[in-house]
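Undergrad: Letter by letter, the chains look like this.
Protein chains: 2
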Amino acid sequence: MAKFSPISGFPEWTPGQKMLEQELMAKIAAEFELAGFAPIETRAVEPLSVLTNKGDDKEIYLLNRLHDNADQPKEKSKEKEQLGLHFDLTVPFARYVVEHQHLLSFPFKRYQIQKVWRGERPQEGRFREFYQCDIDMVGAETLDVSADAEMAGVMLKVMRKLPLPQAILRINNRKVLQGFYQGLGIDRLTDTLRIVDKLAKIGPEAVADLLKEELGIDDKAVELILSLAKLQGGAEVIEQAKALGVEHELMTEGLEELSQVLALTEHLGGIEVDFSIARGLDYYTGTVYETTLVGHEHIGAVCSGGRYDNLAAGGKVPYPGVGISLGITRLLGYMFGRKLIEVETQSPTQVMILLNDAESRVKSFEVAERLRARGISADVYHTTQNFGKQLKGIQKRAIPYALFIEEDGYAVKELATGEQSKIDLDTWQPAPRERVQYKCNF
Amino acid sequence: MAKFSPISGFPEWTPGQKMLEQELMAKIAAEFELAGFAPIETRAVEPLSVLTNKGDDKEIYLLNRLHDNADQPKEKSKEKEQLGLHFDLTVPFARYVVEHQHLLSFPFKRYQIQKVWRGERPQEGRFREFYQCDIDMVGAETLDVSADAEMAGVMLKVMRKLPLPQAILRINNRKVLQGFYQGLGIDRLTDTLRIVDKLAKIGPEAVADLLKEELGIDDKAVELILSLAKLQGGAEVIEQAKALGVEHELMTEGLEELSQVLALTEHLGGIEVDFSIARGLDYYTGTVYETTLVGHEHIGAVCSGGRYDNLAAGGKVPYPGVGISLGITRLLGYMFGRKLIEVETQSPTQVMILLNDAESRVKSFEVAERLRARGISADVYHTTQNFGKQLKGIQKRAIPYALFIEEDGYAVKELATGEQSKIDLDTWQPAPRERVQYKCNF
Numbered sequence: 016m017a018k019f020s021p022i023s024g025f026p027e028w029t030p031g032q033k034m035l036e037q038e039l040m041a042k043i044a045a046e047f048e049l050a051g052f053a054p055i056e057t058r059a060v061e062p063l064s065v066l067t068n069k070g071d072d073k074e075i076y077l078l079n080r081l082h083d084n085a086d087q088p089k090e091k092s093k094e095k096e097q098l099g100l101h102f103d104l105t106v107p108f109a110r111y112v113v114e115h116q117h118l119l120s121f122p123f124k125r126y127q128i129q130k131v132w133r134g135e136r137p138q139e140g141r142f143r144e145f146y147q148c149d150i151d152m153v154g155a156e157t158l159d160v161s162a163d164a165e166m167a168g169v170m171l172k173v174m175r176k177l178p179l180p181q182a183i184l185r186i187n188n189r190k191v192l193q194g195f196y197q198g199l200g201i202d203r204l205t206d207t208l209r210i211v212d213k214l215a216k217i218g219p220e221a222v223a224d225l226l227k228e229e230l231g232i233d234d235k236a237v238e239l240i241l242s243l244a245k246l247q248g249g250a251e252v253i254e255q256a257k258a259l260g261v262e263h264e265l266m267t268e269g270l271e272e273l274s275q276v277l278a279l280t281e282h283l284g285g286i287e288v289d290f291s292i293a294r295g296l297d298y299y300t301g302t303v304y305e306t307t308l309v310g311h312e313h314i315g316a317v318c319s320g321g322r323y324d325n326l327a328a329g330g331k332v333p334y335p336g337v338g339i340s341l342g343i344t345r346l347l348g349y350m351f352g353r354k355l356i357e358v359e360t361q362s363p364t365q366v367m368i369l370l371n372d373a374e375s376r377v378k379s380f381e382v383a384e385r386l387r388a389r390g391i392s393a394d395v396y397h398t399t400q401n402f403g404k405q406l407k408g409i410q411k412r413a414i415p416y417a418l419f420i421e422e423d424g425y426a427v428k429e430l431a432t433g434e435q436s437k438i439d440l441d442t443w444q445p446a447p448r449e450r451v452q453y454k455c456n457f
Numbered sequence: 016m017a018k019f020s021p022i023s024g025f026p027e028w029t030p031g032q033k034m035l036e037q038e039l040m041a042k043i044a045a046e047f048e049l050a051g052f053a054p055i056e057t058r059a060v061e062p063l064s065v066l067t068n069k070g071d072d073k074e075i076y077l078l079n080r081l082h083d084n085a086d087q088p089k090e091k092s093k094e095k096e097q098l099g100l101h102f103d104l105t106v107p108f109a110r111y112v113v114e115h116q117h118l119l120s121f122p123f124k125r126y127q128i129q130k131v132w133r134g135e136r137p138q139e140g141r142f143r144e145f146y147q148c149d150i151d152m153v154g155a156e157t158l159d160v161s162a163d164a165e166m167a168g169v170m171l172k173v174m175r176k177l178p179l180p181q182a183i184l185r186i187n188n189r190k191v192l193q194g195f196y197q198g199l200g201i202d203r204l205t206d207t208l209r210i211v212d213k214l215a216k217i218g219p220e221a222v223a224d225l226l227k228e229e230l231g232i233d234d235k236a237v238e239l240i241l242s243l244a245k246l247q248g249g250a251e252v253i254e255q256a257k258a259l260g261v262e263h264e265l266m267t268e269g270l271e272e273l274s275q276v277l278a279l280t281e282h283l284g285g286i287e288v289d290f291s292i293a294r295g296l297d298y299y300t301g302t303v304y305e306t307t308l309v310g311h312e313h314i315g316a317v318c319s320g321g322r323y324d325n326l327a328a329g330g331k332v333p334y335p336g337v338g339i340s341l342g343i344t345r346l347l348g349y350m351f352g353r354k355l356i357e358v359e360t361q362s363p364t365q366v367m368i369l370l371n372d373a374e375s376r377v378k379s380f381e382v383a384e385r386l387r388a389r390g391i392s393a394d395v396y397h398t399t400q401n402f403g404k405q406l407k408g409i410q411k412r413a414i415p416y417a418l419f420i421e422e423d424g425y426a427v428k429e430l431a432t433g434e435q436s437k438i439d440l441d442t443w444q445p446a447p448r449e450r451v452q453y454k455c456n457f
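Protein sequence lines, in the order shown, are assigned to chains A and B.
Position one of the first sequence corresponds to residue 16 (the working numbering), numbered consecutively onward.
Position one of the second sequence corresponds to residue 16 (the working numbering), numbered consecutively onward.
To be clear, the hints were calculated from the coordinates, so they are not data collected in a lab.
A couple of the hints might just be wrong.
Restraint-style ranges between C-beta atoms, simulated for each label pair [claimed, not checked]:
1. B:S20 x A:T67: 14 to 22 Å
2. B:Q247 x A:K18: 42 to 50 Å
3. A:Q255 x B:N401: 52 to 60 Å
Since this is a predicted model, take the numbers as computed values, not measurements.
Here a beta-carbon is modelled for each residue, glycine too, at the ideal position from N, C-alpha and C.
Please put together the full structure from these sequences, using the hints given.
TA: Written out as structure tokens, the structure reads:
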């Protein structure tokens, strides 16, 4: 093999960074399970028709067999439906629910921590292969709006358990926006939503221009749309939205749902209404979420999602759902890349056994086994260099202890302090410490 | 969405089965870490040139962007190298080592638990998407044969911690076979290995025929090849191999390495020499492993690997390595499919709080939060059905406890016994039990 370069958009961590990622995912999973979400895992591929059913389809990676391409006529390989890698975990989950409905109890609460793939242009914090951590809940026929509150609450608690700057979870409701726009007499709702969704990126003036030029919306209506989008805060902004004077049944319903979500999550703090959030994906029908990190707003939403009442339907039963997704690779890529988190750990080894000579390897392996049997991660040094060199090698690997096999027993040296002492092999314990050592610089 | 059918070769578990898979992977990872293996994760894709560098390439899934296919001329999409999904974890690991060598300390011990993809024809226990659990160790320039012993020992201990029938780990050494064949004057070594590798499938007579007809090997040599392949057992078979009277330097070296591996793993039991093991992949150069389950030999090797001295090389430094891989999806697919393991658990929820009426949802959410704060997985019943129906729903989900919010306090019902009693919400604990309940039928 020759030299290799990274492939843009496909990040790989060091062993220590991977250990931290594992720890954080375990924390996330534990929090999900505390709230009664069960894990599932869906296959990485879906038929193209499932992937392109709703939402954006231009970023999909299609699969072809190397063998098919080379040896078989094009027609033959098209006999079966084309498969593509999933670009999120919501679409596969909706398919999983319909396919496995006879095995599930509804409402069904699941979490899913898996990689997804998108063929988009990579940039800071945007990858082509990345992990998502999702929770979703689907009901058979109906799903109470309390489910929408639960999503927000669980994700906010998760973000607070991770080594991250402070998170603000902002919510809106598509029904409010749609009702408001309909109340203004606008009929191109999707286009309006798409343009308002650009507010954070291009600012209110550019949004106003687009609404007028592209959709022919009049000045008064544009002004009201921007007035609504400016409202952010607690329960008081619901009254302020009503005070704008636009009325529509759907808007009333959406505001009522927002009130309920706020009431059920009030005790947590950190959840705000923000009427500027629209969310791009077509399949959202009610509550929508976006989470930003205070002081790091430029990286955009790190945790988002929403209510989808029409995504999954199997035969006569509709499965309304709501979900929220945490982009863990994006977060870690940012934290590692900016050195906001620095990992010191390189391996799980707690004790390295020094090697006296080639003949003592069997004895050294036995000593390692005795430590492992008591749950202590132990390894044997690989070559018979002099002890000074072996100790340097151990220090370089950030392993905390070295163990010497002596003629009359055993001794342990703590690398950080240089302290060395005789030990009883069957009772000695390393000082307790976290599995992963890391520093936060934020 | 319409009805969906499974895609052949892409298995999906129920939530309870997924929970068991997680438990087993956590056990496997813990055992790997005890022995000093650090986790890494490689991207799911590699350039085609890396994937086809060694070994079998016909099963590779290639990636194409949907967008590229539709809108761009074929030439443009070929500017960058074609990417494919990895078909094992050894080839990506070798690439990872060379690419990230400046960040690693050698010898480098890593484990990797990840999905791989192969476009081959699915059959029982053979999938197109599956998890592998690998350990590998690579040295810079040299790697002691004790590493080969470590692989076997760790994997055997892992297999013994999993709910599986008894495992026998069988080892051979490619040098023995190559030296033996060269000592017999055979020069088409790869072809000979390939044919001998079919022994378990087609039997000794068919192998003899192929060796004679395809390679023109004489009767005497074929007889000796089959005599060697018949030898199985402990250290004594090494002497029996020598007694066949074929001599070659490479064979002597291989037998010496086998002796050392046996000596370092003798205390474990369950490791046997088997001179019939050849392993298909081209990149193995020394020790090779295959593991079968007693009474379930027909499913083939469930854990295999070997030594590869030439797979990874970056510039002037060679990185000899050795690794072994456990096919966990294959194992679980077999155990679930034959009902050798039956999972009862459907979700992590320990307590379901009954819902008195719609208005008490906020109060019920608070109660759930108080339990979760003490590490108890709690959920709130979704609808205000009568208590009889709610209790039936809870039982159907295999959740052990139901909690009633009463006017003067709280009561808990254990579903299995029907026992109900008043509790103090802040001190009550569910009876300790394993996170996943399952039955083994073997």
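Undergrad: Now tell me, hint by hint, if it's right for this structure.
TA: Evaluation of the provided hints:
{"no.": "1", "hint": "B:S20 x A:T67: 14 to 22 Å", "in the structure": "holds, 18 Å"}
{"no.": "2", "hint": "B:Q247 x A:K18: 42 to 50 Å", "in the structure": "holds, 43 Å"}
{"no.": "3", "hint": "A:Q255 x B:N401: 52 to 60 Å", "in the structure": "violated, 41 Å"}
The structure is inconsistent with hint 3 alone, although it conforms to all the rest.
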